[in-house]
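2 protein chains.
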Amino acid sequence: MIIKCISTFSAVIYLLNCLTPEENTGCQHGLYFQDGERRVDYILTYHIKKPSSSRSNRQSSRFTDNAFTRSLRRGTARLGRAPTPQPRGDPEVASQDHSMDYHVDDKRLHREEFEGNLRDMGMELEKDEDTKTPGVGFVKIHAPWHVLCREAEFMKLKMPTKKVYEMKQSTGVGAKINTLVNKVTEPLYPNVEDNRTHNVKHLSYMFSREKQHLFDLSDRDSFFDSKTRASIVSVIVSSRSSMTVDWRLESETIETINYSRLSQLLYCFLCRKYFGEKIGLYFAWLGLYTQMLIPASLVGVIVFLYGCATVDDNIPSMEICHPKNNITMCPLCDRACSYWKLKEACGTARASHLFDNPATVFFSIFMALWAAMFMEHWKRRQMRLNYEWDLTGFEEEEVSDHPRAEYELRVMQKSLKKEHKTQKVLIGVTFAIVFGVILYRISTKTALHMSNNPTTRSNVRLTVKTTAAIINLVVILILDEVYGAVARWLTVLEVPKTDKSFEERLIFKTFILKFVNAFTPIIYIAFFRGRLVGRPGSYLYVFESYRMEECAHGGCLMELCIQLSITMLGKQLIQNNLFEIGIPKLKKLIRYIKSKRRSFQEEEREKKLQRYETDHFLEPFAGLTPEYMEMIIQFGFVTLFVASFPLAPLFALLNNIIEIRLDAKKFVAELRRPVAARAKDIGIWYNLLRAVAKVAVIINAFVISFTSDFIPRLVYQYMYSPDGSMHGFVNHTLSYFNVSNFQDGKEPMDPQHQVEMCRYKDYREPPWSNTPYVISKEFWAVLAARLAFVIVFQNVVMLMSDIVDWLIPDIPKDISLQIHKEKILMVELFMKEEQGKIQFIDSMMPCGGKEKRNNHAPIARSRSIPHTHSHTHANNF
Amino acid sequence: MIIKCISTFSAVIYLLNCLTPEENTGCQHGLYFQDGERRVDYILTYHIKKPSSSRSNRQSSRFTDNAFTRSLRRGTARLGRAPTPQPRGDPEVASQDHSMDYHVDDKRLHREEFEGNLRDMGMELEKDEDTKTPGVGFVKIHAPWHVLCREAEFMKLKMPTKKVYEMKQSTGVGAKINTLVNKVTEPLYPNVEDNRTHNVKHLSYMFSREKQHLFDLSDRDSFFDSKTRASIVSVIVSSRSSMTVDWRLESETIETINYSRLSQLLYCFLCRKYFGEKIGLYFAWLGLYTQMLIPASLVGVIVFLYGCATVDDNIPSMEICHPKNNITMCPLCDRACSYWKLKEACGTARASHLFDNPATVFFSIFMALWAAMFMEHWKRRQMRLNYEWDLTGFEEEEVSDHPRAEYELRVMQKSLKKEHKTQKVLIGVTFAIVFGVILYRISTKTALHMSNNPTTRSNVRLTVKTTAAIINLVVILILDEVYGAVARWLTVLEVPKTDKSFEERLIFKTFILKFVNAFTPIIYIAFFRGRLVGRPGSYLYVFESYRMEECAHGGCLMELCIQLSITMLGKQLIQNNLFEIGIPKLKKLIRYIKSKRRSFQEEEREKKLQRYETDHFLEPFAGLTPEYMEMIIQFGFVTLFVASFPLAPLFALLNNIIEIRLDAKKFVAELRRPVAARAKDIGIWYNLLRAVAKVAVIINAFVISFTSDFIPRLVYQYMYSPDGSMHGFVNHTLSYFNVSNFQDGKEPMDPQHQVEMCRYKDYREPPWSNTPYVISKEFWAVLAARLAFVIVFQNVVMLMSDIVDWLIPDIPKDISLQIHKEKILMVELFMKEEQGKIQFIDSMMPCGGKEKRNNHAPIARSRSIPHTHSHTHANNF
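For the record, the sequence lines run as chains D and W. Each residue of the first sequence is one higher than the one before, counting from 1 in UniProt numbering. Each residue of the second sequence is one higher than the one before, counting from 1 in UniProt numbering.
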């Protein structure tokens with residue numbers, strides 16, 4: 001029998017250090033080459049589609065060696081690569097489907113060429129001959145010391161030198177406050193950074209073989225830790241092999257295996273050391289964000305409590321709920337609706353006050369500045385981490401700038417131009433879909449609302465609103481998954497040139513789609529609902545039958561608040577925790593069951609699976625995008641509509657305290673260990689955060705001025721109120737309507753009340769003016785005030801954010817001092833070294849130097865150019 | 001006689017390469033040490049306050065050597081420094097004022113210690129024994145080869161390696177357009193960058209003595225050019241000497257001498273090579289700015305011409321100028337003024353149209369995007385220059401982060417706390433002064449205007465406005481100088497900690513003050529004049545007698561335009577060209593005359609002055625701040641009020657074409673040559689440019705909506721016009737006033753006209769309404785429209801700018817490819833080197849390697865760990 005298919009080569013990283021060797025003598029087996037000496041730094045896997053006996057496997061191997069590798073050998077001989085030797089000289093050739101086999105062997109050839117190239121780079125490979133996992137082959141890679149040194153030098157890795165210096169403990173009030181804050185918030189998030197209790201630091205310097213004496217190389221095995229070794233091999237595998245296209249095509253589908261269970265103990269307090277800087281940065285960011293949410297939620301709760309405390313002092317709602325209030329309101333729709341009493345809106349009006357009071361204006365300014373502070377603090381934290389992680393001076397690796405393999409493939413296929421056109425069309429289509437969903441939502445909601453209109457009254461209304469919001473949430477959750485797929489599909493169609501640009505485009509698209517998805521219903525409620533509804537007797541209709549929705553008396557703020565809280569809570573509970581934790585577990589289970597069924601006969605052997613084989617069943621690491629995306633949408637909820645929902649930061653905080661733990665557990669125990677990636681910053685996410693913070697200012701300005709009644713109240717108080725108080729405000733906002741002005745067929749069907757005049761909420765001329773029902777001067781005045789408020793708010797808050805940005809230096813003072821100190825120490829170190837050399841030379845040449853030693857500094861001795869000495873004595877003033 | 005005062009040590013840079021040695025055998029003398037071999041890299045000067053004979057000079061020198069240096073010698077002996085030897089053993093001690101002498105000798109001791117330290121660093125010094133310039137002593141410094149190498153390594157200088165590669169010529173449409181643009185604009189500015197005609201580039205690598213073989217060191221004298229040598233010595237003098245405070249105090253007052261006349265030939269086409277990156281960046285920035293002004297001024301001229309062409313089609317001005325127009329306007333002040341005919345405003349109305357038409361709205365959007373484009377292009381150009389100048393990977397030197405000497409001095413004096421308080425008060429006072437000047441201007445102008453009011457009519461008015469603007473200009477010019485001094489004084493009081501922060505604070509303060517100074521009158525005219533003037537019969541008065549100013553009919557735009565053009569032209573012509581060129585020349589003349597008078601008796605020797613002596617008479621280089629400041633204020637004129645003055649870019653362009661030449665000439669011929677400073681970017685100036693561009697968006701939004709009549713016209717056309725045309729607009733903007741409503745004593749004194757109703761420009765209710773003279777609904781509607789326009793304009797333009805920012809990548813594509821290519825070439829170079837080593841080892845060990853060479857790649861041979869070889873053969877599938 002012959003193997004049907006050995007699929008393309010795929011690389012799997014493998015973690016080697018078992019915490020301490022003593023703890024895990026059990027796992028020792030999988031961590032070293034067969035000689036028990038050389039560590040496994042990285043593992044490549046390849047898939048064998050149809051599992052067959054290892055015998056036939058070898059046969060095929062021999063076949064390809066005979067038929068195809070010969071030409072390859074010729075082709076690569078000038079590259080100086082040694083073709084794989086053939087240990088068994090069995091020359092039989094099986095009869096088979098040649099075209100199929102050609103494909104299989106093509107892959108195989110690539111693999112062999114690839115392996116040969118790895119060997120050329122100095123790597124040492126070992127095949128796992130007796131793999132217990134059918135369908136998967138493993139190639140273990142060990143990077144010997146000289147390769148590690150060479151690559152570390154090329155990658156300009158900063159490594160700790162022998163030189164140790166004491167880090168200045170930060171003192172002063174600021175530091176004390178910081179320590180206090182850290183202590184208070186400690187239980188909230190796991191320790192995500194290195195514990196900084198020890199205040200000595202090794203001076204770091206770019207590793208270079210010529211400067212080996214600077215580094216402590218006494219223990220070669222531990223000088224480069226497993227994370228560094230793995231990433232060095234990963235760079236060789238993925239980047240150095242980029243010299244021809246073919247290899248990269250092979251190495252492109254890198255899979256990663258996590259070394260799971262033991263590290264569970266670790267959780268994330270050695271996050272950076274275990275996962276590398278990129279994931280370390282994510283946890284640091286999440287930690288800072290969560291920490292920053294504490295003051296925000298505190299202030300938010302205070303603002304909310306202020307609303308609760310002042311609800312009974314609120315004159316407008318007092319006027320509405322006053323027992324003597326007998327204002328008859330106009331029907332809210334033609335024919336079907338009837339007159340109603342303003343008193344009925346009492347509950348809504350009181351509830352609205354909770355979220356619509358002067359404190360919310362303060363709070364939204366506070367939150368805008370909070371966002372600016374957060375960005376600034378993140379910049380500083382990032383700088384600090386860069387310093388502590390020895391990333392200062394490191395430039396982003398060119399690895400990510402590599403042309404994507406798929407791009408080159410497409411270029412080769414010359415289908416690029418056609419795709420480009422399609423892509424543009426498709427983006428248009430997607431936006432149309434988004435817009436269609438909005439329209440669909442509006443009309444569904446309108447219908448829902450309308451059919452309920454005749455029977456619902458304030459309490460029933462609330463229920464309807466809540467259920468509508470829940471329906472909305474479900475739609476959002478489903479569409480979120482759809483949009484994620486759409487974004488990926490669109491980006492693939494775009495064929496970006498490099499991996500980095502692929503990632504950025506994907507993130508950007510996903511962000512736009514998910515953001516639009518999450519915030520469309522909220523924006524609709526905040527800014528479009530209840531506008532342009534017409535007036536009693538001439539309500540506006542869309543599509544002839546659907547009335548534009550109106551908000552309950554007291555503004556749309558209440559509904560906005562309900563929608564916000566349900567979307568936010570629901571998204572977090574269902575999507576983040578259920579999906580993120582539940583689904584990977586499920587997938588893992590399925591993978592395990594599947595392979596179990598396949599290898600049923602080998603069940604007894606399973607106990608002794610190599611570590612990389614057990615890790616193979618874990619879900620591969622899919623990048624940090626979903627984690628960041630989730631958090632940035634949450635950041636949107638916290639900042640964008642904070643004027644209408646001051647409790648958002650609190651909800652976010654509670655979610656994050658759970659989230660940070662679940663994430664850490666997931667990374668350590670549920671996913672394969674990712675290749676450690678170096679990163680100085682969080683990349684595009686920072687820009688997206690900034691964009692959200694910017695948009696938040698504008699949206700909050702509009703929410704305060706248009707959605708809330710803040711501005712009308714202010715205008716009334718300072719322009720129209722006879723005594724400067726809010727008394728009479730409700731009356732001022734209600735216009736008059738003469739029921740005799742109802743057109744035929746539009747008057748209410750059940751004229752239970754005998755009314756002449758009814759009232760409606762709008763600024764229009766009364767029936768007795770020269771121009772009845774025309775928009776009144778008050779409307780324009782209030783509109784002008786609203787717009788002026790938007791301009792003032794936006795520019796003042798933006799200016800204040802800029803000032804915050806400007807006042808807080810990007811680099812913390814102690815870090816800049818520390819960096820400066822490091823530079824000086826480095827120069828001193830080199831100068832000392834220099835002196836040492838000179839003294840050595842002096843001692844080698846006993847004549848001509850001895851007697852002058854007393855007068856000259858050792859450095860001055862280095863002046864070896866002959867004419868120097870005569871001059872040092874000739875200088876006098 | 002004894003010298004009275006040898007003032008503190010001051011360093012003077014000296015340029016050594018005389019273009020080609022053959023050309024300047026004449027100047028050879030001053031360029032080398034007395035041995036004629038060692039080049040002078042840097043020159044330190046010290047001042048002798050009372051010139052005396054060189055004999056007494058030496059006497060004093062001996063005195064201090066005897067009395068004070070001994071203790072110093074003891075103190076510094078452990079530093080290993082050789083004290084200055086005494087060549088002439090003349091032990092007489094003159095009787096003199098000891099306290100004075102102590103000060104003098106204190107300085108002297110510092111100087112000697114400093115010189116000793118320089119020698120310790122490996123520098124070679126030579127005193128100029130027979131200086132012909134009295135009062136000035138020179139110390140020539142030569143940095144020997146090993147010092148240059150060591151410092152270049154510490155400074156991580158990137159130097160060209162032997163490896164040469166071909167730069168990819170950029171192809172495609174973009175490149176062709178670029179070439180075309182460059183060709184067209186070539187005559188406009190001198191060639192400020194290296195000529196890029198040769199498309200080969202040396203691969204650069206951080207200089208390191210261990211990698212010396214990479215570099216072409218065949219000509220050691222020219223490997224480091226004069227600019228680099230000078231800056232290396234400068235770093236040693238200023239930075240390495242920072243180990244104790246005292247030295248730095250001495251070296252703080254570095255002066256620079258320019259090597260003038262010969263280089264005049266050069267002009268600036270070797271700008272970077274001659275002046276270093278910092279000044280190179282300035283010229284590159286100025287070049288790009290000037291180049292970008294070309295399209296802006298083109299569009300500006302087109303917009304202006306559009307205004308000219310449509311002036312006769314403009315219905316509002318047609319209506320005003322129509323012969324049948326007989327509208328009587330109300331008097332513009334109480335009692336003194338009389339009725340006037342609207343027809344009289346015909347000229348102003350027509351002129352206003354030139355600057356107040358729909359095209360200006362387009363133009364201000366265009367200019368906002370232009371500013372965003374400019375910022376983006378600059379980022380790209382900067383990146384390109386960084387690449388071409390081998391600055392990629394270079395981090396800002398710590399030199400600028402040094403604590404300023406003065407700061408430490410202050411700390412020592414412990415006067416810091418007190419100063420801090422004073423400073424805050426002072427900043428307050430300054431702002432009060434600025435505000436006072438504004439008030440003063442308003443009142444002066446009001447007075448000027450008022451006294452002229454009865455007699456002036458449109459033409460006379462224009463003259464008054466023009467003269468007022470000229471007076472304003474003179475005030476601005478004087479205050480500019482005052483504010484420059486105030487800013488420096490304030491910053492000195494603040495005692496910033498580092499030189500960099502000193503510079504940034506100074507720039508920021510100067511910018512704020514000069515900007516406020518330049519734009520206050522303009523902002524006043526644009527936004528405050530003509531508002532809140534009251535109405536006929538109840539005009540508003542400030543201080544009981546001064547009326548608020550009103551604008552002529554047709555808006556304040558016309559006056560704004562006059563003010564803008566006069567300020568801009570005047571500032572540029574008088575300040576930039578007269579001050580900047582005239583005053584340095586004058587100063588130079590004065591310096592020369594002064595020293596000539598002093599050294600009258602030595603006149604005949606002057607012909608043979610050393611180069612550094614002649615350069616000593618040049619004005620020292622004072623930094624780029626004035627140049628940048630001038631340009632940024634101009635950038636403000638070009639962007640801030642461009643809606644009212646579309647010709648601003650043209651004026652700026654014309655100015656810059658002259659400016660760039662004058663600047664180049666000044667730097668080369670009028671100033672001492674500055675120490676070459678490395679810089680990756682233009683620092684704080686970029687942030688200030690961004691801030692100006694941001695403010696410009698808001699100001700333009702307000703100019704269009706509030707200063708121009710654009711919004712009222714739009715509102716009239718779409719809300720009030722019966723036929724959708726502009727006919728009747730003038731009538732609509734004029735309110736009615738019944739002359740019988742004049743209060744007693746407020747009616748005009750000369751009732752020549754028999755009028756019942758007069759008109760005035762405002763939106764108020766007519767006399768016959770229920771609420772006469774109250775602000776009308778139209779006013780609020782127009783106000784709302786104006787505010788809405790501001791919001792829309794600001795956010796749309798900001799969004800578009802962000803999109804421009806996002807669409808244009810910061811790093812030009814070809815540069816990022818080039819950088820990537822360089823990295824690969826570097827790695828290849830190292831790999832080849834690696835192979836070379838291995839082959840060398842192989843050839844040294846003839847046994848054990850030969851027969852395997854055929855099978856293994858050279859690199860694979862480097863696997864020196866013993867167990868490796870057994871495995872390379874064991875791998876098979």
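No wet-lab data here; the hints were simulated from the structure. Watch out, some of these pointers could steer you wrong.
[Unchecked claim] Capping the alpha-carbon separation at 27 Å, the derived lysine-lysine pairs in DSSO-like fashion look like this: (1) D:Lys158 x W:Lys211; (2) W:Lys158 x D:Lys821; (3) D:Lys379 x D:Lys278; (4) W:Lys594 x W:Lys665; (5) D:Lys158 x W:Lys823; (6) W:Lys837 x W:Lys163; (7) D:Lys379 x D:Lys156; (8) D:Lys158 x W:Lys761; (9) D:Lys379 x W:Lys694; (10) W:Lys594 x D:Lys777; (11) W:Lys777 x D:Lys156; (12) W:Lys156 x D:Lys162; (13) D:Lys156 x W:Lys594; (14) W:Lys761 x W:Lys777; (15) W:Lys176 x W:Lys156; (16) D:Lys500 x W:Lys594; (17) D:Lys158 x D:Lys201; (18) W:Lys680 x D:Lys821; (19) D:Lys162 x W:Lys761; (20) W:Lys680 x D:Lys158; (21) D:Lys156 x W:Lys666; (22) D:Lys211 x D:Lys837; (23) W:Lys379 x D:Lys694; (24) D:Lys837 x D:Lys813; (25) D:Lys500 x D:Lys761; (26) D:Lys694 x D:Lys158; (27) W:Lys227 x D:Lys823; (28) W:Lys665 x D:Lys211; (29) D:Lys156 x W:Lys665; (30) W:Lys156 x D:Lys211; (31) W:Lys158 x D:Lys680; (32) D:Lys158 x D:Lys777.
Against the structure, the hints:
For a cut-off of 27 Å, the pair hint linking Lys158 of chain D to Lys211 of chain W stands: about 19 Å separates their Cα positions. Using a Cα cut-off of 27 Å, the hinted pair Lys158 of chain W and Lys821 of chain D holds, with the two alpha carbons roughly 23 Å apart. Proposed proximity of Lys379 of chain D and Lys278 of chain D is supported: the alpha carbons are some 15 Å apart, at most 27 Å. A distance of roughly 24 Å separates the Cα atoms of Lys594 of chain W and Lys665 of chain W; the hinted pair therefore holds under the 27 Å criterion.
For the proposed pair Lys158 of chain D and Lys823 of chain W, the alpha carbon gap of about 18 Å is at most 27 Å, so the pair holds. Between the alpha carbons of Lys837 of chain W and Lys163 of chain W the distance comes to roughly 18 Å, so the proposed pair stays at or under 27 Å and holds. Simply put, Lys379 of chain D and Lys156 of chain D have alpha-carbon atoms about 24 Å apart, close enough for the 27 Å limit, and the pair holds. For the suggested pair Lys158 of chain D and Lys761 of chain W, the alpha carbons sit about 73 Å apart, so the restraint of at most 27 Å is broken.
Proximity of Lys379 of chain D to Lys694 of chain W is assessed by CA-CA distance (about 23 Å); at most 27 Å being required, the pair is judged to hold. A threshold of 27 Å between alpha carbons decides the hint, and for Lys594 of chain W with Lys777 of chain D the separation of about 76 Å lies outside it, so the pair is violated. Taking the CA atoms of Lys777 of chain W and Lys156 of chain D, the gap is near 71 Å; set against the 27 Å cutoff, the hint is violated. With a C-alpha separation of about 22 Å, the suggested pair Lys156 of chain W and Lys162 of chain D falls inside the 27 Å cut-off, and the hint holds.
Taking the CA atoms of Lys156 of chain D and Lys594 of chain W, the gap is near 57 Å; set against the 27 Å cutoff, the hint is violated. Between Lys761 of chain W and Lys777 of chain W the alpha-carbon distance is near 15 Å, which keeps this suggested pair within the 27 Å criterion. The suggested pairing of Lys176 of chain W with Lys156 of chain W is violated, with an alpha-carbon distance near 37 Å, which exceeds 27 Å. Restraint check: the Cα-Cα separation between Lys500 of chain D and Lys594 of chain W comes to about 65 Å, which exceeds 27 Å; the hinted pair is violated.
Between Lys158 of chain D and Lys201 of chain D, the direct Cα distance comes to roughly 13 Å. Compliance with the 27 Å bound is thereby established for this hinted pair. Taking the CA atoms of Lys680 of chain W and Lys821 of chain D, the gap is about 23 Å. The hint holds against a cut of 27 Å. A C-alpha spacing of about 82 Å is found between Lys162 of chain D and Lys761 of chain W, which places the hinted pair above 27 Å, so the restraint is violated. Taken as a hint, the Lys680 of chain W and Lys158 of chain D pair is honoured in the structure, with Cα atoms around 23 Å apart against an allowance of 27 Å.
Distance restraint check for Lys156 of chain D and Lys666 of chain W: the Cα-Cα separation of roughly 43 Å exceeds the 27 Å cut-off, and the hinted pair is therefore not satisfied. Note on Lys211 of chain D and Lys837 of chain D: the hinted pairing holds, with a Cα-Cα distance of about 14 Å set against a maximum of 27 Å. Taken as a hint, the Lys379 of chain W and Lys694 of chain D pair is honoured in the structure, with Cα atoms around 22 Å apart against an allowance of 27 Å. The hinted pair formed by Lys837 of chain D and Lys813 of chain D fails the criterion: a straight-line CA distance of about 36 Å is larger than 27 Å.
For the hint pairing Lys500 of chain D with Lys761 of chain D, the CA-to-CA distance comes to about 54 Å; that exceeds 27 Å, so the pair is violated. For the suggested pair Lys694 of chain D and Lys158 of chain D, the alpha carbons sit about 37 Å apart, so the restraint of at most 27 Å is broken. Restraint check for Lys227 of chain W and Lys823 of chain D: the C-alpha separation of about 24 Å stays at or below 27 Å, so the hint holds. A threshold of 27 Å between alpha carbons decides the hint, and for Lys665 of chain W with Lys211 of chain D the separation of about 47 Å lies outside it, so the pair is violated.
At most 27 Å may separate the alpha-carbon atoms for a hinted pair to count; Lys156 of chain D and Lys665 of chain W exceed this at roughly 43 Å. Between the alpha carbons of Lys156 of chain W and Lys211 of chain D the distance comes to roughly 15 Å, so the proposed pair stays at or under 27 Å and holds. The suggested pairing of Lys158 of chain W with Lys680 of chain D holds, with an alpha-carbon distance near 23 Å, which does not exceed 27 Å. The straight-line distance between the Cα atoms of Lys158 of chain D and Lys777 of chain D is roughly 70 Å, outside the 27 Å bound, and the hint therefore fails.
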